[in-house]
Amino acid sequence: MVRSWTVCTLSAVIGIGSGWILHGSNSPETNDSGALETAQVAPPMLPQPQTAAQSGLDLAQLHAAIREELAAAKSQPSTERQPTAAARPNAPASPELIAQRREAVQDIQAMITAGEWGSTERAQFQQKFSLLDPDQARQVLQQITMGLNNGTIHSQIDLPL
Amino acid sequence: MNRFTVGVFLAALLAAQAANAGLHYTSPITVSGTVAYGQVRAARFSSDSKQFIGCAAYGAVNTYSTYVSCSASDAAGHTLYCSTYNPNYYVWQAAMSVNEGSSIIINADSHGNCIYVYVSNSSTNF
Chain W
1 MVRSWTVCTL SAVIGIGSGW ILHGSNSPET NDSGALETAQ VAPPMLPQPQ TAAQSGLDLA
61 QLHAAIREEL AAAKSQPSTE RQPTAAARPN APASPELIAQ RREAVQDIQA MITAGEWGST
121 ERAQFQQKFS LLDPDQARQV LQQITMGLNN GTIHSQIDLP L
Chain R
1 MNRFTVGVFL AALLAAQAAN AGLHYTSPIT VSGTVAYGQV RAARFSSDSK QFIGCAAYGA
61 VNTYSTYVSC SASDAAGHTL YCSTYNPNYY VWQAAMSVNE GSSIIINADS HGNCIYVYVS
121 NSSTNF
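So the sequence lines, in the order shown, correspond to chains W and R.
Residue numbers for the first sequence follow the numbering used here, so the first one is 1 and each next one is one higher.
Residue numbers for the second sequence follow the numbering used here, so the first one is 1 and each next one is one higher.
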């Protein structure tokens with residue numbers, strides 16, 4: 001029984017010793033796998049990553065800063081976000097956007113009826129085109145192209161669209 | 001001195017000829033029904049003021065709607081216009097690869113949709 005304990009103790013000592021030696025050879029200078037692995041295998045005596053408290057940062061302050069960033073992102077004007085939620089095909093359109101779209105379609109129809117298409121009309125069309133929902137956009141695009149091909153719209157430029 | 005001048009002139013002439021060597025052909029713009037084809041360069045340097053061929057692409061940050069459009073006109077003034085709403089990647093890439101050395105084939109359906117855009121960029125087009 002005593003002999004078994006001796007063998008076990010000796011094995012444990014050899015194992016721990018070997019581990020310590022191998023561990024010691026895995027210094028930051030010889031380790032190619034980066035700082036993260038070094039930090040994970042570092043013995044207690046080596047510098048550890050600082051916690052928020054140790055580095056002087058208050059966790060509550062950190063949370064507050066994150067909350068502020070999120071709030072600022074949410075309050076950002078929709079025109080600065082890309083693309084806008086209103087412009088997404090499946091997003092419900094606001095009454096204001098619906099009115100803008102209706103007006104845009106009317107303006108494009110007026111340009112089609114006028115029948116002359118130059119760089120000014122192209123620029124105006126493209127500006128209004130971005131407001132339209134997919135069905136409206138597809139429809140007016142086809143209408144203008146067919147008008148150009150059947151001659152009801154006369155293009156003054158090589159690429160009217 | 002005169003011989004020297006003539007020599008320089010001949011050398012310049014030969015250099016100019018060498019610069020234009022290589023396989024080359026000219027394909028003016030043809031518009032036939034819903035198909036149009038020809039070279040950008042041939043259209044640009046044609047003697048008439050009618051020919052053109054090219055493509056454009058539209059995209060904006062505040063919309064998901066995009067389109068590609070192509071146009072062509074032959075020497076007689078026959079034109080073809082086509083557009084594709086929210087084209088697939090390949091049509092978009094083809095339209096955007098057009099440059100001064102392009103030869104283009106455009107095919108439209110009866111509604112004016114571009115159903116086929118072929119672009120080749122080759123030294124033979126210059």
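Among these hints, one or two may not hold up.
[As the list claims (entries may be wrong)] Covered stretches of chain R (chain W as the covering partner; in silico rule of three or more C-beta atoms under 8 Å from a C-beta of chain W):
| # | stretch |
| --- | --- |
| 1 | 57 to 63 |
| 2 | 80 to 88 |
| 3 | 97 to 105 |
| 4 | 109 to 123 |
Hint data in this document are derived by calculation from the structure and do not stem from the laboratory.
We put the beta carbon where it would ideally sit given N, CA and C, even for glycine.
Quick rundown of the hints versus the structure:
For the stretch 57 to 63 of chain R, the assignment as covered by chain W holds, since 5 residues bring a beta-carbon within under 8 Å of that chain's beta-carbons and 3 suffice. For the stretch 80 to 88 of chain R, the assignment as covered by chain W holds, since 6 residues bring a beta-carbon within under 8 Å of that chain's beta-carbons and 3 suffice. Remark: the stretch 97 to 105 of chain R is not confirmed as covered by chain W, as 0 of its residues place a Cβ nearer than 8 Å to a Cβ of that chain, below the required three. Only residues whose C-beta sits within less than 8 Å of a C-beta in chain W count toward coverage, and the stretch 109 to 123 of chain R has 3 of them, enough to reach three; the restraint holds.
Violated hint for the displayed structure: number 3, the only one.
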